[in-house]
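With the sequences and hints as input, model every part of the structure.
Line by line, the protein sequences are chains X and R. Quick note, our numbering runs 4 ahead of the 1-based positions in the first sequence. Quick note, our numbering runs 1439 ahead of the 1-based positions in the second sequence.
Warning: the hint list may mix true and false statements.
Stated by the list, open to error - DSBU-like cross-link-like pairs, simulated, lysine-lysine; straight-line CA separation at most 30 Å:
| id | chain 1 | residue 1 | chain 2 | residue 2 |
| --- | --- | --- | --- | --- |
| 1 | X | K109 | X | K73 |
| 2 | X | K73 | X | K56 |
| 3 | R | K1465 | X | K56 |
| 4 | X | K109 | R | K1452 |
| 5 | X | K109 | X | K56 |
| 6 | X | K73 | X | K7 |
| 7 | X | K109 | R | K1465 |
| 8 | X | K56 | X | K7 |
| 9 | X | K109 | X | K7 |
Just so you know, the hints here were simulated from the structure itself, not pulled from any lab data.
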Amino acid sequence: DAKTTQPPSMDCAEGRAANLPCNHSTISGNEYVYWYRQIHSQGPQYIIHGLKNNETNEMASLIITEDRKSSTLILPHATLRDTAVYYCIVRAGIGGSNYKLTFGKGTLLTVNP
Amino acid sequence: DAGVTQSPTHLIKTRGQQVTLRCSPKSGHDTVSWYQQALGQGPQFIFQYYEEEERQRGNFPDRFSGHQFPNYSSELNVNALLLGDSALYLCASSLSVAVYGYTFGSGTRLTVV
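And the structure:
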């Protein structure tokens, strides 16, 4: 799996957009970008994934650069409940033989009142 | 719709003992993965089970073994417990053919004394 690089921590004001960056410069053509988050004392929660197009769901938006070497997770209106560690993970999709998720240390996002 | 269920939630064992952790996947999911998360670290992949077979294994010793039952539920067994096995053990389920995200349980907190 391609290696990912994320800042260790970020702060965001409640109600503002949180933009979490991730670098994955060695990503392969068949690898997807996944985002998970882990709220304290809970298991990781799937947020969103994408291959090369921007994606949006009820939780967040994912912006992937045209060269696919980096991406940004956007929480449009952060709330205190969004305080968590956010993990950016690269993994092959269907047809690959590597099924594991490789977690780094992620970004601790703290949403402040 | 119940998500991933893990039992027990907490467990204290003595060094050298054996432990069995249990996981029921999300309804409709047929694949189960196990992860170990030490304090302050991201989850580390132990192995994945599909069709009652171990499909992929991470860098863990043979003391860690597993099983998947016909109803897709799974067990993680750890023999000869070491102090370093103290961690949060997470179970994740998914559909084998999907690129969608994994659904994680809340984990079992294992303490080895």
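These are the hints, each one checked on the structure:
Between K109 of chain X and K73 of chain X, the direct Cα distance comes to roughly 19 Å. Compliance with the 30 Å bound is thereby established for this hinted pair. Taken as a hint, the K73 of chain X and K56 of chain X pair is honoured in the structure, with Cα atoms around 10 Å apart against an allowance of 30 Å. For the given pair, K1465 of chain R sits about 28 Å from K56 of chain X by alpha-carbon distance, which is consistent with the 30 Å threshold. Annotation: proposed proximity of K109 of chain X to K1452 of chain R holds, straight-line Cα distance about 28 Å (limit 30 Å).
Distance restraint check for K109 of chain X and K56 of chain X: the Cα-Cα separation of roughly 24 Å lies within the 30 Å cut-off, and the hinted pair is therefore satisfied. Straight-line distance between C-alpha atoms of K73 of chain X and K7 of chain X comes to about 11 Å, which keeps the hinted pair within the 30 Å bound. Proposed proximity of K109 of chain X and K1465 of chain R is supported: the alpha carbons are some 26 Å apart, at most 30 Å. Our distance criterion of 30 Å between C-alpha atoms is met by K56 of chain X and K7 of chain X, whose separation comes to about 17 Å.
Between the alpha carbons of K109 of chain X and K7 of chain X the distance comes to roughly 12 Å, so the proposed pair stays at or under 30 Å and holds.
Hint compliance for this structure: every hint is met.
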